[in-house]
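Residue numbers (our numbering), protein chains in the order written: chain A, 1 to 349; chain B, 1 to 379.
The set of hints was computed from the structure by calculation and includes no laboratory data.
One or more of the hints may lead you astray.
Covered by chain B, according to a simulated footprint, are these stretches of chain A (three or more residues, beta-carbon under 8 Å) [stated by the list, open to error]:
1. 38-47
2. 81-90
3. 95-101
4. 279-286
Glycine residues also receive a C-beta, built at the ideal position from the N, C-alpha and C atoms.
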Amino acid sequence: MTLIDRPMSHAPVRTPAAAPVAGLTETSTLTVAKAINAGLRQAMIDDPKVVLLGEDIGALGGVFRVTSDLLAQFGPHRVIDTPLAESAIIGTAVGLAYRGYRPVAEIQFDGFIFPGFDQIVNQVAKLHYRTQGAVRMPITIRVPFGGGIGAAEHHSESPEAYFTHASGLRVIAVSDAQDAYSLIRQAIACDDPVLYFEPKRRYHVKGEVVPQLGEPMERAVVVSPGTEVTLVCYGALVATARDAALAAADEGMSVEVIDLRSLAPVDYAAVEASVRKTGRLVVTHEAANSGGLGGEIVASITERCFEYLEAAPVRVTGFDIPYPAAKLERHHLPDLDRILAGVDRVLGR
Amino acid sequence: MTAISTDFIQLLSPLGERMPHADFDPWLADIDTAALAALYEDMVVVRRIDTEATALQRQGELGLWPPLLGQEAAQIGSARALRDDDYVFPSYRENGVAYCRGVGLTDLVKVWRGSAQSGWDPASVRMATPAIIIGAQTLHATGWALGARFDGADSVAVTYFGDGATSEGDVNEALVFAASFQVPVVFFCQNNQWAISEPVGVQAHADIASRAPGFGIPSLRVDGNDVLAVMAATRIALDRARTGNGPTFIEAVTYRMGPHTTADDPTRYRDPADLAAWGRRDPVLRLRALLERLGHLTPEFEAQIAARADAVAAELRAGCIALPDPPALSVFDHVYATPHAGLDRQRDEYAGYLAGFDAAPTEPTAATQPVASTPKGSL
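Let the hints inform the model, and build the full structure from the sequences given.
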């Protein structure tokens, strides 16, 4: 026989699943990370075809511990530690979806998603269209994103616009524990591929979580009502924007804060309704300005209700620079003061 | 002229001599003369499909066609080894494999006519939509096989790719994942010596099959123009996968006798002597020679095969030409599986725009109808 064979060890066999843990049954106070964990657990209980795959998500529970204890509960066929190859994590998820699975892939850090970019935009995003609906890609890709944690390069990025530009994907970004829980469940249940961006620097912020699915994930929500300025934000900046609205109120300005939640599609009806009321629009994100979501939102709102605008819309964003060194990131990231400066500008103050 | 490496397993010589092989022959015990005749018919028919589709492209009915000329044994020998419940993840030249899986003739050319981005429902024939991004499908096969392992099924994923694809990261990552998870997948590499204009030496300084053991995956290197060697190797690999022994890599050494696609011009980069040398190793002719040696090549048999090939070609041509242009607003269909407000708005706006034309209220006029493109370039 000419088989060229070499002995090799099989993939490690781990201990069998521990006693099952029930999902969240009552309103609880959880961190954002634990809320995602609770949502993942519930999704895995609800549907045996939900499998998690990624780097270090098993015994370690992920570098942010988002998948803690899920390996022990569901076993190595549901929580899969993969070799270190992002394209393969996504491409393998595609194959699992072909076989009827509902994979949830974890990309360890935002800047690590690019080796998987081809599989995401050329395969995950397009297979349903390519096959005229015959093959569904109910894949969720979890991505911790954004800066503010003093990290090294590639650990603080905001790559969402690359994906909002790719037709066939849905993109959401969560800002608090409740949405973290509700939207991961909605994302996994969705028959379309979903990129689920997690606000890395808010992972440890606690909030009340009601074990419900809540508002549909494609809806934006007003998180702070106001009458003079519409302030659109998402992810980690939602908390910053709310603080800015409070500070603005102290100075007699009424700012309405909208948490987009869904970045693709954007809930333009909600943003438009607010702008028709306030006449002024500020959009903020950590991602670079050029080609960012802010420009898209400003353009779309201008097309839809130009006649309601009292002033030119304003973008408060990261600069058009590679993500800077940790000691400089506070200059790059929009903070309360820069957002307030944007509010002042749109009010002509 | 490139040297022809013969460091591979061969059961059928270019002259049609059946060469015994102690390890491979047991896997072909059921291949009697009737089975050989059936394989011959398959190979003649897919070559005829190739000829007809190339003609359709030259006549403007297809935008492009990727011929498989010369690779019939590699495709038929492997595809005829599969079970219905196995799943194929192909590249774009696997027209012979698709034929064996039961893909409709018209469905084979839909993509190349521009009628659709895919020709068939993958679930109906257990064959994925061909990947045009080189090597991407090897990861899909690996993931599917992982699912098969979770399900406790003994179905196998078989992925087809070329020598050029072995340079892609995805193929190498697929080998890593397949080995790590010990999944039932067969990596079937058709080394046809060319990645468009780049000879295989640009991709590899050693036999491609010799790479796989470095990943912990056993490999077989067979004469890809020998349908029997290919079939035996595929059966061995499938059996390993079905019995829980994980992935196998097969390198089928063959030759792309045609252009990369109908948009290509091999005379710019290929030595005619090279093509002539490989022509003497033709996979169809050597099986024909074996049938002749076995006394099966009667005029009746040859007439029957020719009639079958002609009928297939006629059906392909008629089906191709009759393919309707898709309706304008179907451009928006199936981008998402669930309602999408942004796209719904664009569809409504474009429908309104089209409705503004007096001549055709729901269809674009000739002025706005996109002209069927004739893609040129790299594919």
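Structure-based check of each hint:
For a cut-off of 8 Å, the count of residues in the segment 38-47 of chain A with a CB near a CB of chain B stands at 0, and the three-residue condition is violated. Coverage of the segment 81-90 of chain A by chain B holds in this model, with 6 residues showing a Cβ closer than 8 Å to a Cβ of that chain against a need of three. With 7 residues having a beta carbon nearer than 8 Å to a beta carbon of chain B, the segment 95-101 of chain A meets the requirement of three or more and the stated coverage holds. Given a C-beta distance limit of less than 8 Å, the hint that chain B covers the segment 279-286 of chain A is violated, as 0 residues qualify and 3 are needed.
In summary, the numbered hints that this structure violates are 1, 4.
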